[in-house]
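Trainee: Chain order of the listed sequences is A and B. Letter 3 of the first sequence, counting from 1, is numbered 3 in our numbering, and no numbers are missing. Letter 218 of the second sequence, counting from 1, is numbered 218 in our numbering, and no numbers are missing.
Rather than coming from a laboratory, the hints here were simulated on the basis of the structure.
If you want the footprint, here are the derived chain A segments under chain B, 3+ residues with CB under 8 angstroms: (1) 57-69; (2) 115-128; (3) 136-146; (4) 157-165.
Backbone N, C-alpha and C fix where the C-beta goes; we use that ideal spot for every residue, glycine too.
There are 2 protein chains.
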Amino acid sequence: MSTARPLAVVLASGGMDSTVAAWLAAREHELALLHASYGQRTAARERRAFEAIADRLALPATRRRTLDIGFLAALGGSALTDPALPVPTDGERGEGATGLPVTYVPFRNAHLLAAAVSWAELLGARAVVIGAVEEDSSGYPDCRADFLAAFERAVRLGTGLGARLSIEAPLVHMTKGEIVRAGRLAGAPFELTWSCYRDEEEACGRCESCRLRLKGFREAGLVDPIPYRAGTVR
Amino acid sequence: MSTARPLAVVLASGGMDSTVAAWLAAREHELALLHASYGQRTAARERRAFEAIADRLALPATRRRTLDIGFLAALGGSALTDPALPVPTDGERGEGATGLPVTYVPFRNAHLLAAAVSWAELLGARAVVIGAVEEDSSGYPDCRADFLAAFERAVRLGTGLGARLSIEAPLVHMTKGEIVRAGRLAGAPFELTWSCYRDEEEACGRCESCRLRLKGFREAGLVDPIPYRAGTVR
Numbered sequence: 001m002s003t004a005r006p007l008a009v010v011l012a013s014g015g016m017d018s019t020v021a022a023w024l025a026a027r028e029h030e031l032a033l034l035h036a037s038y039g040q041r042t043a044a045r046e047r048r049a050f051e052a053i054a055d056r057l058a059l060p061a062t063r064r065r066t067l068d069i070g071f072l073a074a075l076g077g078s079a080l081t082d083p084a085l086p087v088p089t090d091g092e093r094g095e096g097a098t099g100l101p102v103t104y105v106p107f108r109n110a111h112l113l114a115a116a117v118s119w120a121e122l123l124g125a126r127a128v129v130i131g132a133v134e135e136d137s138s139g140y141p142d143c144r145a146d147f148l149a150a151f152e153r154a155v156r157l158g159t160g161l162g163a164r165l166s167i168e169a170p171l172v173h174m175t176k177g178e179i180v181r182a183g184r185l186a187g188a189p190f191e192l193t194w195s196c197y198r199d200e201e202e203a204c205g206r207c208e209s210c211r212l213r214l215k216g217f218r219e220a221g222l223v224d225p226i227p228y229r230a231g232t233v234r
Numbered sequence: 001m002s003t004a005r006p007l008a009v010v011l012a013s014g015g016m017d018s019t020v021a022a023w024l025a026a027r028e029h030e031l032a033l034l035h036a037s038y039g040q041r042t043a044a045r046e047r048r049a050f051e052a053i054a055d056r057l058a059l060p061a062t063r064r065r066t067l068d069i070g071f072l073a074a075l076g077g078s079a080l081t082d083p084a085l086p087v088p089t090d091g092e093r094g095e096g097a098t099g100l101p102v103t104y105v106p107f108r109n110a111h112l113l114a115a116a117v118s119w120a121e122l123l124g125a126r127a128v129v130i131g132a133v134e135e136d137s138s139g140y141p142d143c144r145a146d147f148l149a150a151f152e153r154a155v156r157l158g159t160g161l162g163a164r165l166s167i168e169a170p171l172v173h174m175t176k177g178e179i180v181r182a183g184r185l186a187g188a189p190f191e192l193t194w195s196c197y198r199d200e201e202e203a204c205g206r207c208e209s210c211r212l213r214l215k216g217f218r219e220a221g222l223v224d225p226i227p228y229r230a231g232t233v234r
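This is chain A alone, in the form it adopts within the complex (with noise of 0.2 angstroms):
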């Protein structure tokens, strides 16, 4: 296949932050979709959320791909994944062992990023894509700029590609808002995607990830298209 363009791998969980990096990947890039199911709860929903934002796309079979990581979820440990442990609403974080929010799931960026890395050298692409948030986010370590550059050193160093390949997280230092603004003005389709950690019909309204994304509509001064349960203050 012959494309004037370089190629990026971007991780797409089917949630507006790694949607809005595709849209703004693609400016400069052919596009080729990893989506990770690891068992978290609503992964039907995000896989869904997934195949309709590469059909926007039009990525052919080839360029979209989705990988089952559920060892993660069988370590267990974590909210998304364990249906014995609740997923926190209305601000709490809850806390797992290391003091960080019940919803991490250990070093999970770590995998993804390994995936979509494998994947990138077999098809020959210059970058990886991450959505990953470091401000205006959970406060998952591993979704620090500061980790992601040190994993693009170990890619470097450990793949066959050396400087050819780059870890690019256009969203890092953007809030909630910027990245909700940012999507707009590429044209990111924010009614396919899907960011509730709990439910897949209609959004909680309550959990982190819907807080934080709502917040993030509401400084931008837009209305979130995804259906939220009634009483949602958007």
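Since the structure of chain A is provided, determine the placement of chain B on it from the hints.
Mentor: Quick look at chain B alone, frame taken from chain A:
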């Protein structure tokens, strides 16, 4: 569970190197063994070796885990996981798309290390141990000491653990002969291990992994106790 000694998660393939690494780590740590199956040809044989090794260490079920990271095989591109690509023998390396050996699984050790780190974070382990060998190896970039150091830095920045978890690669600068000697001294059960990339009953004696292993035993002046095909020069 209270233990006097710190806990280490050892990546245990069932092969010679990781088994020697485990026996070296056991001098200072309680062990937990992590085995990853990634769709390699000899996965069933390696799994059997892993269980025998964990039995020898008398590890309970909570201290041994097997993870399926078969998505690495689904990505394709390596002779270790793709039935369409032959495993080279007799000193041929083959060459993949990036000039690396055709047995290279892109960024494999990053996946293995990420899984070990996630489990280590949940267990409160102090070390992740990998039997990577840099100098006397097949030339995979993800076996280099500088890759492992970069990955350790990513762990320190990308988990809640900081400097409480280290990545240890006790064999990384050893020759194969030194590994055999160190394993002998530590009492490692070579007879339980499996290294061959091609076969599961008798080791082929001809693939890169067999050749490196046999070289190690010759250098150490010992006889490898596992069965080889008739005609193999030990």
